[in-house]
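2 protein chains.
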Amino acid sequence: MTSDWQRRCAERKQAQLESIPAEWIIQCPPDNQLNVQDVPAKCSLLSAHELEITDTVDVDVILQKLRTAEWSSFEVTTAFYKRAIVAQQLTNCLTEIFVEKALARSKELDDILKTTGKVVGPLHGLPISLKDQFAIKGLETIMGYAAWIGRYADSDSVLVEILNECGAVPFVRTNVPQTLMWGETYNHVFGRTTNPFNRYMTPGGSSGGEGALLAMRGSPLGVGTDIGGSLRIPSAFCGLYTLRPSYERLPYCGAVNALEGQESISSVLGPMANSISGVKIFTKAIIDSQPWNKDPLVTRKEWSEKEYKLEYHGGGKQLCFGIMWDNGVVKPHPPLQRAMAMTKSALEAAGHKVVDWEPHRHLEIYKNSETIFAADGGDDYRIQCELSGEPVIQTMSPQEDAHESVMDEPLVKSLVGKPYHRSALELWQLHKEKRDLRKSHLDYWQATVSRTGTGRPIDAIISPAVAYPAVPHGMNTDSFYTTLCNAMDYTTSVFPVTFVDSKLDDPHPPHEFYNHEDEAIYKLYDSKLFDGCPVGLQLIGKTQEEEAVIAMTEIVDKALKNFKMVKGMS
Amino acid sequence: MTSDWQRRCAERKQAQLESIPAEWIIQCPPDNQLNVQDVPAKCSLLSAHELEITDTVDVDVILQKLRTAEWSSFEVTTAFYKRAIVAQQLTNCLTEIFVEKALARSKELDDILKTTGKVVGPLHGLPISLKDQFAIKGLETIMGYAAWIGRYADSDSVLVEILNECGAVPFVRTNVPQTLMWGETYNHVFGRTTNPFNRYMTPGGSSGGEGALLAMRGSPLGVGTDIGGSLRIPSAFCGLYTLRPSYERLPYCGAVNALEGQESISSVLGPMANSISGVKIFTKAIIDSQPWNKDPLVTRKEWSEKEYKLEYHGGGKQLCFGIMWDNGVVKPHPPLQRAMAMTKSALEAAGHKVVDWEPHRHLEIYKNSETIFAADGGDDYRIQCELSGEPVIQTMSPQEDAHESVMDEPLVKSLVGKPYHRSALELWQLHKEKRDLRKSHLDYWQATVSRTGTGRPIDAIISPAVAYPAVPHGMNTDSFYTTLCNAMDYTTSVFPVTFVDSKLDDPHPPHEFYNHEDEAIYKLYDSKLFDGCPVGLQLIGKTQEEEAVIAMTEIVDKALKNFKMVKGMS
Numbered sequence: 000m001t002s003d004w005q006r007r008c009a010e011r012k013q014a015q016l017e018s019i020p021a022e023w024i025i026q027c028p029p030d031n032q033l034n035v036q037d038v039p040a041k042c043s044l045l046s047a048h049e050l051e052i053t054d055t056v057d058v059d060v061i062l063q064k065l066r067t068a069e070w071s072s073f074e075v076t077t078a079f080y081k082r083a084i085v086a087q088q089l090t091n092c093l094t095e096i097f098v099e100k101a102l103a104r105s106k107e108l109d110d111i112l113k114t115t116g117k118v119v120g121p122l123h124g125l126p127i128s129l130k131d132q133f134a135i136k137g138l139e140t141i142m143g144y145a146a147w148i149g150r151y152a153d154s155d156s157v158l159v160e161i162l163n164e165c166g167a168v169p170f171v172r173t174n175v176p177q178t179l180m181w182g183e184t185y186n187h188v189f190g191r192t193t194n195p196f197n198r199y200m201t202p203g204g205s206s207g208g209e210g211a212l213l214a215m216r217g218s219p220l221g222v223g224t225d226i227g228g229s230l231r232i233p234s235a236f237c238g239l240y241t242l243r244p245s246y247e248r249l250p251y252c253g254a255v256n257a258l259e260g261q262e263s264i265s266s267v268l269g270p271m272a273n274s275i276s277g278v279k280i281f282t283k284a285i286i287d288s289q290p291w292n293k294d295p296l297v298t299r300k301e302w303s304e305k306e307y308k309l310e311y312h313g314g315g316k317q318l319c320f321g322i323m324w325d326n327g328v329v330k331p332h333p334p335l336q337r338a339m340a341m342t343k344s345a346l347e348a349a350g351h352k353v354v355d356w357e358p359h360r361h362l363e364i365y366k367n368s369e370t371i372f373a374a375d376g377g378d379d380y381r382i383q384c385e386l387s388g389e390p391v392i393q394t395m396s397p398q399e400d401a402h403e404s405v406m407d408e409p410l411v412k413s414l415v416g417k418p419y420h421r422s423a424l425e426l427w428q429l430h431k432e433k434r435d436l437r438k439s440h441l442d443y444w445q446a447t448v449s450r451t452g453t454g455r456p457i458d459a460i461i462s463p464a465v466a467y468p469a470v471p472h473g474m475n476t477d478s479f480y481t482t483l484c485n486a487m488d489y490t491t492s493v494f495p496v497t498f499v500d501s502k503l504d505d506p507h508p509p510h511e512f513y514n515h516e517d518e519a520i521y522k523l524y525d526s527k528l529f530d531g532c533p534v535g536l537q538l539i540g541k542t543q544e545e546e547a548v549i550a551m552t553e554i555v556d557k558a559l560k561n562f563k564m565v566k567g568m569s
Numbered sequence: 000m001t002s003d004w005q006r007r008c009a010e011r012k013q014a015q016l017e018s019i020p021a022e023w024i025i026q027c028p029p030d031n032q033l034n035v036q037d038v039p040a041k042c043s044l045l046s047a048h049e050l051e052i053t054d055t056v057d058v059d060v061i062l063q064k065l066r067t068a069e070w071s072s073f074e075v076t077t078a079f080y081k082r083a084i085v086a087q088q089l090t091n092c093l094t095e096i097f098v099e100k101a102l103a104r105s106k107e108l109d110d111i112l113k114t115t116g117k118v119v120g121p122l123h124g125l126p127i128s129l130k131d132q133f134a135i136k137g138l139e140t141i142m143g144y145a146a147w148i149g150r151y152a153d154s155d156s157v158l159v160e161i162l163n164e165c166g167a168v169p170f171v172r173t174n175v176p177q178t179l180m181w182g183e184t185y186n187h188v189f190g191r192t193t194n195p196f197n198r199y200m201t202p203g204g205s206s207g208g209e210g211a212l213l214a215m216r217g218s219p220l221g222v223g224t225d226i227g228g229s230l231r232i233p234s235a236f237c238g239l240y241t242l243r244p245s246y247e248r249l250p251y252c253g254a255v256n257a258l259e260g261q262e263s264i265s266s267v268l269g270p271m272a273n274s275i276s277g278v279k280i281f282t283k284a285i286i287d288s289q290p291w292n293k294d295p296l297v298t299r300k301e302w303s304e305k306e307y308k309l310e311y312h313g314g315g316k317q318l319c320f321g322i323m324w325d326n327g328v329v330k331p332h333p334p335l336q337r338a339m340a341m342t343k344s345a346l347e348a349a350g351h352k353v354v355d356w357e358p359h360r361h362l363e364i365y366k367n368s369e370t371i372f373a374a375d376g377g378d379d380y381r382i383q384c385e386l387s388g389e390p391v392i393q394t395m396s397p398q399e400d401a402h403e404s405v406m407d408e409p410l411v412k413s414l415v416g417k418p419y420h421r422s423a424l425e426l427w428q429l430h431k432e433k434r435d436l437r438k439s440h441l442d443y444w445q446a447t448v449s450r451t452g453t454g455r456p457i458d459a460i461i462s463p464a465v466a467y468p469a470v471p472h473g474m475n476t477d478s479f480y481t482t483l484c485n486a487m488d489y490t491t492s493v494f495p496v497t498f499v500d501s502k503l504d505d506p507h508p509p510h511e512f513y514n515h516e517d518e519a520i521y522k523l524y525d526s527k528l529f530d531g532c533p534v535g536l537q538l539i540g541k542t543q544e545e546e547a548v549i550a551m552t553e554i555v556d557k558a559l560k561n562f563k564m565v566k567g568m569s
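Top line first, the protein sequences correspond to chains D and R.
Counting from 1, position 465 in the first sequence corresponds to residue 464 in numbering that gives the first Met the number 0; the numbering is continuous, with no gaps.
Counting from 1, position 238 in the second sequence corresponds to residue 237 in numbering that gives the first Met the number 0; the numbering is continuous, with no gaps.
FYI, nobody ran anything at the bench for these hints, they're computed from the structure.
Since this is a predicted model, take the numbers as computed values, not measurements.
Just so you know, not all the hints are guaranteed correct.
[Unchecked claim] Derived lysine to any residue pairs resembling SDA-like cross-links, with alpha carbons at most 20 Å apart:
id, chain 1, residue 1, chain 2, residue 2
1, R, K283, D, S303
2, D, K305, R, K300
3, D, K305, R, E310
4, D, K438, R, S18
[As the list claims (entries may be wrong)] A partial selection of chain R residues facing chain D, derived with a Cβ cut-off under 10 Å:
id, residue
5, Q261
6, V297
7, E369
8, I371
9, H420
10, E425
11, E432
12, M487
13, D488
All residues carry an ideal CB built from backbone N, CA and C; glycine is no exception.
Just need the whole structure built from these sequences, with the hints factored in.
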């Protein structure tokens, strides 16, 4: 018997399908076609011009063409919308679809430019996709909970307000996992999102809808959020660039969230894109809008050209990077090791220094964070689910055709222990512990000044975002590399490096395993299975180093591109 | 029978007395001499030159003379130390006394300047007093708890580390109330601090030792902390300037604290001084030292000359102030009303605009804050007291000669209700409520743009810090005006305006009382009793407006001084 919540979810999913213009429904390839990135070009829904628009990854270029009216916002928005709908049919990456509203907005912007000769703002005419947390007036905000179906927002979230002032065109919202606290993307309302590089694989999460959409080039710029890796995991799994800013640099006010009111380790929002230019443009545009006048929690700090020019990092002339080859908790898969070696060579070839970064109290920090996230004993999730009667999802594994697992439960369960509801005083003790860990980690980092030879501590750390490339649905357990940055509040980017190549990335002989999860992850590796999946890395800066992290990511990205060109690699 | 904790407290107090050089013990005036500010000049401990040094309130002037070696750090430190010891004998304002250590440090600085011709830093040679939270390596940090006697710090707090790098001379630590959560200053170890303007009165708290010391001119610059008014209450009661910066602009790391790990409403540190120049110099020096490299929680934001020049406030040419004549919870005493009227006239005379500020959800905000502070049901205090067996102090009223009270219990008790230990999830709900209140208050403030005529919202709010001037010991209950700023994280200063004048400040006829505490406070007023006590006000800016708030306080201070000169007032 279908229960009420199941019926409501099915109806909502049907309504979503009906919100797609009939002429945009394509003939989908068979389910066993795993890589679907060629479909937009082949499905004949998009014109050659629309393919040209949507294949433009440099957001600067798109904005330039919009500003000069070479491309209208209407045609750009239409092109990306069509491709987003193609992506939806292949990877199930969307939640809210509102074609008319977005196209009307794009026309309005075209009219303003035509009439006044002026753009509305720095993002004039640009369609932007948003994770299913950023409330838009008049639309539902469901965020993967059956009970939230029918919750229409009576005002825009501050981010949406600012995007509108900047001239952007919010045009779709994207899928998330129930509770947001998974590194994959599945919920009872909108279902499961798959990875366009290989649909057997997860795009990661919780900003996994964005990951899949952007990997399909169904959006030039997306906005996700990150409390333990939710921007970085999908970016790494989908070959994208992202920035996890530090707490409260960008305006979260008015967005819905899980664990609302949990302020010990704050979720942050950030851009995801196919180019670092998208990351920079978004971050600068939002900060330039003085978001502290609308969101009381946002840091009153202007975009700093001084910091972007790396004045605290010797002007960027000779940087010293520390590579975290291994965090001592989970050893990265061979393609990740190759990506780090490649990045090291590329940086050295570009005249920078590279030293090893030895992890510092990594597991302690992770345990503290995970204990904080579970301080309510899971009550917040239970309460939201009980409102509709839907069960709290216990696994991201599909019921059918699940990849074989070799792990009973992830390490985090034994670290945090049996869930129970902690008291305010217990939470305060966790805060004390966290402060001490932050101080210890910062001092450790500062002390590297003795071995860089630049007169400065290590400028940034390069590390995996996740120990592996995109994994089969239900298999993503590792957030050890990402959570470090949330706990320490280090500003962190992700950039794509390469793709798994079964010819280059043979399995390594087993090492002495750190724990049972490390062993399970080791055993998961299969160079054939992962072949062709993107491999990305993190660049970790210090707290509130948004400008410097973007600038250093540009340097790394350029070094990698030059290096690959010289070596004839992809 | 004397219990163990009482014996330990008495021994520690005796040790404190013995740490005073015998030749600095003065002949004290009788206890019934209430105002003791004339004693330093009359007691013959300080030479004329030492009186000249210590009567210099402009910290800029002192630093200039130190930099040019016109005054040595040794003579300046000696002069202030003597005066601090006089203050101690009259008001009991000190905790740690370490004459030798401080004088040795001052000599070291003199030697460096002599040898190298260079100052160590921007605070070269300046003695600075510190609230009893700022750990100094090798000294005890007792913070008003019997159990903490004998706790020697094995490292400097980050603030002390930075002060040393800036060339300052930390020279005394100052008294606090047990738990820090009182607006007065009394504990079982060091006893009660009194107000040098009138020893029948409290200097306020919790930075009350600083308040009394600075009012005695026993220090050129002091550092206190503030979580609900603890910098501002003593500054208002003692005729001082202070700045409550926003959370995490200045480095708190390594200082001891009450409710440690409570991060919902963070305690902040700030300067207290007899001049606004002291406030600016301290704040700029600490920020210029890049404290984020030592304290991971400090905001990476340089001192902004742009913000100090009031570029977001029309260059400061015509500011619009909002006066909060009354917060709707407790009506200010007549001298406070006169001080606000005076400030209004002075600002208008200086060409600025002044409009009324109607309070917005004031009591709701207060209730949210106080509920957060009590989220552990008082466990933190109990635990610290149980370590020694000392009781948790229930009243700041002296056991003997207490001023007659007309109030059974303050309003806060009924607002917060019976104390109990809240859960993490309950705390998160309080955070949600607080975020909504902050958004609401910010939007309300921004909306004043419609009535200022400047094209900007109100630039700053002027309000009482406390509804009354310094009150008799045990009578200070009002933190309604101050806590608003902690909850909203508004950067706030206090500046002195005038003194109670029994000839000008007649009692007003009773108004319709807002609540029983408002009534009790109304009845407490007696123009004779309060005669001669300082009257200060708050200047409230927005979050992280440290530079702008200092600049606007300078403008108000100058306007008041000009106004008083023209009118021949004091």
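| request: Take a quick look at whether R:K283 and D:S303 sit within 20 Å of each other, Cα to Cα. | output: holds, 19 Å
| field | R:E432 as an interface hint toward chain D, with CB separation required under 10 Å | value | Holds, because the Cβ-Cβ distance from R:E432 to chain D comes to roughly 8 Å (cut-off 10 Å).
| query | How about R:E369: closest beta carbon in chain D under 10 Å, or not? | reply | Result: violated, 14 Å to nearest chain D Cβ.
| Hint check: is the beta carbon of R:Q261 less than 10 Å from a beta carbon of chain D? | Nearest chain D Cβ about 5 Å off; hint holds.
| said: Interface hint check: R:D488, Cβ to nearest Cβ on chain D, cutoff 10 Å. Holds or violated? | reply: holds, 7 Å
| task | For the hint on R:H420, just tell me whether its beta-carbon gets within less than 10 Å of chain D. | result | holds, 5 Å
| field | Hinted contact R:M487 with chain D - closest CB pair below 10 Å | value | Because about 7 Å separates R:M487 from the closest Cβ in chain D, which is inside the 10 Å limit, the hint holds.
| message | Min Cβ distance, R:I371 to chain D: is it shorter than 10 Å? | response | This hint holds: R:I371 lies near chain D, its Cβ roughly 9 Å from the closest one there, short of 10 Å.
| task | Please work out if D:K438 and R:S18 have their alpha carbons no farther apart than 20 Å. | result | violated, 34 Å
| message | So if I understand the rule, the pair passes when the alpha-carbon distance is 20 Å or less; does D:K305 with R:K300 pass? | response | Cα-Cα ~12 Å, so holds.
| Given R:E425 was flagged as interface, is its beta-carbon under 10 Å from a beta-carbon of chain D? | holds, 7 Å
| D:K305 and R:E310: Cα distance at most 20 Å? | holds, 19 Å
Of the hints listed earlier, those the structure fails to meet are numbers 4, 7, in rising order.
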